[in-house]
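Peer 1: For the record, the sequence lines run as chains A and B. Numbered according to the numbering used here, the first sequence spans residues 1 to 251. Numbered according to the numbering used here, the second sequence spans residues 1 to 164.
These are calculated hints, taken from the structure and not from any lab test. The C-beta atom is built at its ideal place from N, Cα and C for all residues, glycine as well. One thing to keep in mind: the hints can contain errors.
[Stated by the list, open to error] Chain A regions said to be covered by chain B (calculated; three or more residues, Cβ under 8 Å): (1) 129-138; (2) 159-165.
[Stated by the list, open to error] Taking lysine-lysine pairs in the DSS-like style, the calculated list, with each CA pair at most 27 Å apart, reads: (3) 143(B) with 132(A); (4) 12(B) with 171(A); (5) 12(B) with 168(A); (6) 54(A) with 70(A).
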Amino acid sequence: MPPTKHAPRFSVEAQQQHHSLHLVHPCDTCAVRPYSACAALNPDEQKRLVDIMKTVEIDAHQAIFNEFDKAQHVFNVTEGAVKIYKLLSDGRRQITGFLFPGDFLGLTHNETYAYSAEALGPTKLCRFPREKLEGLLDDMPSLEQRLLGMASHELAAAQDQMILLGRKSAKERVVSFLLMLSNSAVRHGRPGNPVSLPMTRNDMGDYLGLSLETVSRAFTQLKTQGLIQLLDERQVRLIKPDALREIATGF
Amino acid sequence: MDERLTPRLLDKTTIDRAFPLVRNLAPDITLERWTRFAKPHLASRSPDWPRGLMTIQNAAGYILGLFVFEVRDDLYEKRVLCIDNIIIPNIPGRDAIWAGVVDAAEHIAAMNGCRTIRAGLADDLEPGARDRDQTWLTGSLEKAGYSFEGMRAIKRLEARHAAH
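The following block holds chain A by itself, in its conformation from the complex (with noise of 0.2 Å):
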């Protein structure tokens, strides 16, 4: 539409009349958009998504939200990893899968959700309202298509952890979820080597079925036999990728 003399000069109806390709909105720099079910959505499509969608801001170990909490939104990853968790019926913790950028979170869902999600660092996050989310996945069968086309919830996630947990012993696992989080990392336009952790041994140990110690153990034998390299406490390098994937699949 072209300008018009009348046409306030700073709301943001006058920016999109001027400007309408300028018009900067969180999508437009997001990172992981490429990566994202978001991907799929055009022009039209992003903006209606964005009408109903807030960006929020995680503190490091702060709630997202908690397991039996009504399931009022539905979350994209976009900055930094999130834990998902279930409580056990005896007290104990049971972490069920992590979350990175371009990971959708609260998908998986009734009336309440069905587990506790935790931020691991500082996290950002794109809010949706679940049922305005839904009204317009009514009208948007690419983004619902590409939504479950997608290895990025937390039901992929917990599969995953399945398949991990089925690795006899706790060098196979350990392995594989190093090389599960490098595959993540690459679908989602991250180096995949090195591989980054933003989880804690302890958490890794839970997510994995197994205890600090043996962790720490498994971390300490791939480092001996030079097939990783520890850069520091959040950052694991690759040495030899093909015979960890060897590991991995019992070899």
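Knowing the structure of chain A, use the given hints to seat chain B on it.
Peer 2: Here is chain B on its own, set in the frame of chain A:
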């Protein structure tokens, strides 16, 4: 991104992978219970009377839906495909997963000379989810050309057993 959904038979190596989906709809079911239920369904009674657990997977291999099937001999209708324990999560896109279930069931029926499919609704779900999901499931069945015929009577004996 490949967004196709594909039917694949569950086997002993993928029983565990299906568990999060089952737990999602029925939180009280343990992995042991699920495994004990699933294992016998993997083996056909004979090549002529197949049965199994069919999953609906996305291109990345994640299991998004599943159902139990069995070809049975019916006195009147001869070969009938029976499907039950249909598990479809309450997530956006579940209509597409349902379409995958319908297609897979019709394919199995055609392969096995069945002219009728009998679908049983999810009796094993926890009560709240059962009521809500059955409303959606019955609507989806009707849309897929299923009609509701006959009736099934159920008597729950837990209380009586507990008393003895």
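Peer 1: Keeping to a limit of 27 Å between CA atoms, is the pair of residue 12(B) and residue 171(A) held or broken?
Peer 2: Since the Cα atoms of residue 12(B) and residue 171(A) sit roughly 23 Å apart, the hinted pair holds (cutoff 27 Å).
Peer 1: Checking C-beta pairs, does the region 159-165 of chain A have three or more residues closer than 8 Å to chain B?
Peer 2: Three-residue rule met by the region 159-165 of chain A, so holds; n is 5.
Peer 1: Regarding the pair residue 12(B) and residue 168(A), is the alpha-carbon distance no greater than 27 Å?
Peer 2: This hinted pair holds, its Cα atoms lying about 16 Å apart.
Peer 1: Quick one, are residue 143(B) and residue 132(A) close enough, alpha carbons at most 27 Å?
Peer 2: Holds. Residue 143(B) to residue 132(A) sits at ~25 Å (cutoff 27 Å).
Peer 1: Take the region 129-138 of chain A, compare each residue's beta carbon with every beta carbon of chain B, and decide whether three or more fall closer than 8 Å.
Peer 2: Holds, because 3 residues of the region 129-138 of chain A bring their Cβ atoms closer than 8 Å to Cβ atoms of chain B.
Peer 1: Decide if the proposed pair is consistent with the structure: residue 54(A) and residue 70(A), CA atoms, cutoff 27 Å inclusive.
Peer 2: Status holds; Cα separation ~18 Å.
Of the hints listed earlier, there is not a single one the structure fails to meet.
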